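There are 2 protein chains.
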Amino acid sequence: MRVGFIGVGAMGGPMARHVAQGGFLQAVWNRTEEKSLALARDLNVTCAPSPAALASQVDVVLLCVSADRDVLEVIHSLLPEIRQSSIVIDFSTVSSVTARQAAELLRARGAEFLDSPVTGGVEGAHNGTLVMMVGGQLSVLEKVLPILQTMSRRIVYMGDVGAGQATKAVNQVMAAGINQAVTEALAFGEKLGLDMQKAIDVISGGAAGNWFLEKRGSTMLEGIFSPGFKVALHHKDLKICREMAKHLGMALPLVEMTVEDYEKLIAGGFGNEDISALYRIKKDP
Amino acid sequence: MRVGFIGVGAMGGPMARHVAQGGFLQAVWNRTEEKSLALARDLNVTCAPSPAALASQVDVVLLCVSADRDVLEVIHSLLPEIRQSSIVIDFSTVSSVTARQAAELLRARGAEFLDSPVTGGVEGAHNGTLVMMVGGQLSVLEKVLPILQTMSRRIVYMGDVGAGQATKAVNQVMAAGINQAVTEALAFGEKLGLDMQKAIDVISGGAAGNWFLEKRGSTMLEGIFSPGFKVALHHKDLKICREMAKHLGMALPLVEMTVEDYEKLIAGGFGNEDISALYRIKKDP
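Each protein sequence line maps, in turn, to chains A and B. Each step along the first sequence adds one to the number in this note's numbering, with nothing skipped, and position 28 is 1150. Each step along the second sequence adds one to the number in this note's numbering, with nothing skipped, and position 83 is 1205.
Simulated from the structure, these hints should not be mistaken for lab results. Some hints could be false.
A pair counts as met if it fits within one copy or between any two copies, since identical chains are not told apart.
[Said to hold, decoys possible] Derived DSS-like pairs: lysine-lysine, alpha-carbon spacing no greater than 27 Å straight-line: (1) K1157 / K1368; (2) K1320 / K1337; (3) K1368 / K1405; (4) K1361 / K1337; (5) K1265 / K1320; (6) K1361 / K1320; (7) K1368 / K1352; (8) K1265 / K1358; (9) K1265 / K1313.
These numbers come from a predicted model, not from an experiment.
When you get a sec, could you build the whole thing from the sequences and use the hints?
Put into structure tokens, the structure is as follows:
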């Protein structure tokens, strides 16, 4: 299978490198051409002049961009040249609705689509240890498994098109709530004058224990907010969740609260910090 | 050291049993006398007729009751008979202010006080695996360590009187937030029509992973809310946290939200269910 990779930024770049090391990568394309040129030279693959040109020469198109609009733009621009029975796999975090739209556009041209958002962040992309949550046809996933395995330590089939994005959305909602929980509790503890290192330690071992407390608790108390996972990106994801919930006629109070807090952080110039920067607001509202 | 135990309910009962097995227990007292009578007979110790009578015959008084008022009531009633250099250790979850009041009352009579709230719940009390967060004088803690070790797998010295309660308060705030995070995210996922067992599994392995999701995620989806940790008790603890925050001039938005939700649950007759019953509200607000 010949593979093309569209969107070789902070996540897509290292992911494409793993696909190349697996012997699958044929071509790359990126909106900012310097990135794709440098990577293509480095990996000894083609730097395609357009998404269409890339799609015309591969069997599998991998996609890692930022927003819903970017995904649909790329799909539209590669449609005229997409080959019969090609497979497009989208790693971006977007809405289930966008995933279903992309799948329909491609199906009309005889091509397949999988939504496969990831968790594990930039470190996971570099180390090839991303977790992938996949929606689409299982038979299609089975065909591309060897490609995905170059980038991922865990690939979970969630169901029909959109189910990958839905799972990622649930994950992002939970991450927002846990960020609220940990930052509020630690700000409270600090105001109480506790030895916070001891407090983190003892709380981690009990029923309130969580990954975020263990990994980000100490750094947030020291005022270190290097990402990690950027406020601006989580903000974008939570707005997608909010839209999805609106379609379901459902309220997500923690998400509302967190979107508002993140907007304060972004306005204050902290959008590129780790999401644990929410501690700034909890400490000093 | 001769030890007396006041308050032998769901927590105190099994805790007293461990102290007896360690060879320290001399007497018990309980507001509802049937409980202390049965336990005293079972453990072959004295069933004291009053807190004062109990205090008069031991070196160390252990205390495990429900609310701030109960703690102060017991302290007042044992004060006339407390022995010089006695040590009172309170396992109840109450406010730091109450802990400091208790310590002052006892100090005036030449006795010592430690606040030592616990985590680990009824299972931890039965298995002798509670975690204890201790405030007071370290030299006093060192004296009673062999007694505490009969009930606990981990004893952490947090600082001056009240520091144990402050740590427990931070833990309860975090637990409230995580309950909000997990129930909101899982209700969202279920509305999205996801295979929730798979979703819990994949989310548990990532940056949103937490104890509560792993232990209570599946049961809440099945509508099983057997405690665990009762809504009514967490509600009581969160009202203590709210008071403490008020003294600090600090807002705890997650705590406000959770107190309100718990009050709905209690009004609906669900106060004796596990705190994961918050899922009822998230699913059907």
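Within, between, both or neither, where K1320 and K1337 count as close if Cα-Cα is 27 Å or less: Result: close both inside a copy and across copies, 15 Å intra and 24 Å inter.
Intra/inter-copy verdict for K1368 and K1352 if alpha-carbon distance must be at most 27 Å: within (24 Å within a copy, 32 Å between copies)
Homomeric proximity label, K1361 with K1337: Cα distance no greater than 27 Å: within (25 Å within a copy, 29 Å between copies)
Within, between, both or neither: K1265, K1320 at alpha-carbon 27 Å: between (50 Å within a copy, 22 Å between copies)
Homo-oligomer pair classification [K1358, K1265; C-alpha up to 27 Å]: neither (32 Å within a copy, 55 Å between copies)
Intra- versus inter-subunit Cα pairing at 27 Å for K1368 with K1405: between (31 Å within a copy, 15 Å between copies)
Up to 27 Å CA-CA - K1313 versus K1265, copy category: This pair counts as neither: shortest intra-copy Cα distance 55 Å, inter-copy 30 Å.
Alpha-carbon proximity context of K1157 and K1368, limit 27 Å: neither (37 Å within a copy, 53 Å between copies)
Intra/inter-copy verdict for K1361 and K1320 if alpha-carbon distance must be at most 27 Å: Cα proximity of K1361 and K1320: across copies only (24 Å, versus 36 Å in one copy).
Hint violations for this structure: numbers 1, 8, 9, all remaining hints satisfied.
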